[in-house]
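2 protein chains.
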Amino acid sequence: MSCSEFDIIARYFNRQSTIRKDVLLGIGDDCALLIPSLKQYLAISTDTLVSGTHFLPDIDPADLGYKSLAVNLSDLAAMGADPAWVSLALTLPEVNEPWLASFSESLFGLLDYYGMQLIGGDTTKGPLSLTLTINGWVPIDKQLTRSGAKAGHWIYVTGWPGDSAAGLAILQGKLEVADQDQRNYLVKRHLRPQPRILMGQGMRQLATAAIDISDGLLPDLGHILKASGCGARIHLDRLVFSSALTDNCSREQAIRWALTGGEDYELCFTVPEDNRGALDTALSGLGIPYNCIGQITANGGLQLLDGNQVVEFEGSGYDHFSE
Amino acid sequence: MSCSEFDIIARYFNRQSTIRKDVLLGIGDDCALLIPSLKQYLAISTDTLVSGTHFLPDIDPADLGYKSLAVNLSDLAAMGADPAWVSLALTLPEVNEPWLASFSESLFGLLDYYGMQLIGGDTTKGPLSLTLTINGWVPIDKQLTRSGAKAGHWIYVTGWPGDSAAGLAILQGKLEVADQDQRNYLVKRHLRPQPRILMGQGMRQLATAAIDISDGLLPDLGHILKASGCGARIHLDRLVFSSALTDNCSREQAIRWALTGGEDYELCFTVPEDNRGALDTALSGLGIPYNCIGQITANGGLQLLDGNQVVEFEGSGYDHFSE
Chain C
1 MSCSEFDIIA RYFNRQSTIR KDVLLGIGDD CALLIPSLKQ YLAISTDTLV
51 SGTHFLPDID PADLGYKSLA VNLSDLAAMG ADPAWVSLAL TLPEVNEPWL
101 ASFSESLFGL LDYYGMQLIG GDTTKGPLSL TLTINGWVPI DKQLTRSGAK
151 AGHWIYVTGW PGDSAAGLAI LQGKLEVADQ DQRNYLVKRH LRPQPRILMG
201 QGMRQLATAA IDISDGLLPD LGHILKASGC GARIHLDRLV FSSALTDNCS
251 REQAIRWALT GGEDYELCFT VPEDNRGALD TALSGLGIPY NCIGQITANG
301 GLQLLDGNQV VEFEGSGYDH FSE
Chain A
1 MSCSEFDIIA RYFNRQSTIR KDVLLGIGDD CALLIPSLKQ YLAISTDTLV
51 SGTHFLPDID PADLGYKSLA VNLSDLAAMG ADPAWVSLAL TLPEVNEPWL
101 ASFSESLFGL LDYYGMQLIG GDTTKGPLSL TLTINGWVPI DKQLTRSGAK
151 AGHWIYVTGW PGDSAAGLAI LQGKLEVADQ DQRNYLVKRH LRPQPRILMG
201 QGMRQLATAA IDISDGLLPD LGHILKASGC GARIHLDRLV FSSALTDNCS
251 REQAIRWALT GGEDYELCFT VPEDNRGALD TALSGLGIPY NCIGQITANG
301 GLQLLDGNQV VEFEGSGYDH FSE
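Here the protein sequences line up with chains C and A, keeping their order. Residue numbers for the first sequence follow full-length UniProt numbering, so the first one is 1 and each next one is one higher. Residue numbers for the second sequence follow full-length UniProt numbering, so the first one is 1 and each next one is one higher.
Some hints here could point you the wrong way.
Put simply, identical chains are the same to the list, so a pair is met inside one copy or across any two.
Computed list of lysine-lysine pairs in DSS-like fashion (alpha-carbon distance at most 25 Å, straight line) [to be verified]:
(1) K142 / K125
(2) K226 / K142
(3) K174 / K125
(4) K21 / K39
(5) K142 / K21
(6) K125 / K150
(7) K142 / K174
(8) K188 / K174
(9) K142 / K39
(10) K39 / K125
(11) K226 / K188
(12) K150 / K21
(13) K150 / K174
(14) K142 / K188
(15) K226 / K39
(16) K188 / K150
(17) K39 / K188
No lab work stands behind these hints, which were simulated from the structure alone.
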């Protein structure tokens with residue numbers, strides 16, 4: 001079967017299901033042309049997923065299409081941004097049309113859900129990998145950076161951390177889950193993470209710092225602490241887990257996965273005492289829990305408490321190159 | 001040697017040699033934040049380079065750092081855009097610090113030359129490849145698209161097409177060039193293509209269509225013809241070659257490399273009769289030749305003439321997936 005680079009783009013990626021008013025020129029020229037928004041900053045983030053490093057080589061292409069965009073959306077969520085456009089660089093070992101059909105169908109499903117437009121990219125031959133560069137808009141001076149946390153601010157986490165690592169363990173044959181619903185739930189949490197876009201938008205002007213949990217709660221909170229120049233006290237007994245997680249592993253394992261498992265794509269954020277009421281108003285209707293798990297401290301370092309006990313914790317989150 | 005993903009970014013990529021006023025937040029948060037320009041469109045383009053497909057695995061990292069940015073700049077040039085920012089997604093099989101130092105030194109050299117800022121990206125482990133997403137500004141309604149060519153407009157090409165393919169042939173041991181200066185020139189034309197940014201800026205409002213020659217003059221001109229809904233007549237005897245090229249291969253080979261060799265990163269563009277004088281004024285001081293090689297026709301199709309002879313030509317430009 002002969003299918004050129006241009007055929008691939010025309011058949012699978014040059015669909016215009018969502019047409020945005022700020023896209024003057026999309027796929028098909030040397031550059032895309034976008035119309036700036038006067039009262040907003042442009043937020044840009046890039047994520048690469050490599051076969052064998054970020055996903056299993058036999059991943060369902062529909063899951064890959066979803067996840068590659070979801071992890072990028074998660075960065076916009078952590079900035080409090082509204083999703084706008086994305087560029088897709090897709091490197092493929094061969095042209096597999098059913099694979100491409102399934103991948104692009106799933107990708108466009110999520111693009112359309114968020115009113116986003118695919119504006120360009122590149123299609124090349126080589127070992128399977130994807131790089132997406134996502135663009136979004138943030139109202140001026142309402143962005144959520146990592147550097148605004150101050151001593152006394154409360155530390156929150158959305159959703160159910162630890163689920164994703166459990167889902168990966170199931171796929172790798174390292175965790176047995178007898179209940180099919182619980183098994184499916186955990187695997188889905190790994191393969192189809194829900195970007196917390198609405199929560200990011202809801203906490204604009206209320207949160208002082210935010211990050212999405214891609215490497216694990218501890219290392220990602222560590223980025224906030226480093227950028228903000230402060231420390232934190234975390235109460236492990238305040239972590240909220242899904243019942244699918246706690247029904248199928250020890251409490252220690254659940255804590256370990258939440259702290260360092262990574263790929264949960266929940267948000268970790270900090271809120272001053274005065275904004276906690278407004279935060280509840282903004283987030284409580286969104287159907288996703290958010291739990292206060294600790295407090296920012298003036299002194300550097302991260303202290304873990306379980307009840308009144310200070311806990312020592314070994315290990316850190318995922319880092320591609322550490323040995 | 002232990003060197004984490006964050007160490008790599010901090011040591012080699014978080015330099016701020018150029019600080020742009022439109023960059024509110026660069027490397028180091030969930031997203032970069034950019035300040036839109038009111039009277040300009042944002043131009044975005046993405047290019048991926050894969051080891052073994054786009055460059056030889058033993059390429060000098062300094063050449064790779066240069067070329068990965070230059071091919072992206074070439075897309076901005078073809079749109080008439082002013083370079084602004086770039087995101088770099090770098091996938092590496094291992095951490096090789098001398099390699100990274102050389103790569104990033106070269107990349108930042110070209111970034112600084114164009115007053116650009118690296119705003120983010122991703123560093124991952126896997127088979128060597130790079131994806132750059134470049135951003136530039138174009139004054140509103142002065143962009144150079146592919147779709148504005150009309151019958152009667154003159155077709156121009158900048159520089160010396162065919163050199164890059166000859167340089168690649170030298171590196172592959174397929175072309176012998178005894179003269180060391182000529183050899184170095186041709187290899188440099190392949191490894192260090194000069195993006196025609198100044199020429200793209202100079203032809204804004206004068207050219208009606210433009211494209212950069214990445215796949216070869218014929219297929220790339222073909223994109224203009226398709227987008228503009230017209231045909232063209234090209235006079236092969238008007239192609240201008242470097243003496244390094246004509247001294248070392250037959251005229252037929254030079255023509256073949258110019259038409260289908262690819263990677264010249266020259267500009268092919270169309271200009272109405274009335275703008276030719278202004279074009280000379282705008283471009284003649286830039287030190288790069290630009291030659292009229294033919295004319296747009298109303299009827300579809302591309303006719304090649306050599307003197308008064310119609311020439312049949314087999315073969316097309318580079319396509320990653322065609323067989």
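(request) Hint by hint, work out which the structure violates, then give me just those numbers in ascending order. (result) 1, 6, 7, 10, 11, 12, 13, 14, 15, 16, 17
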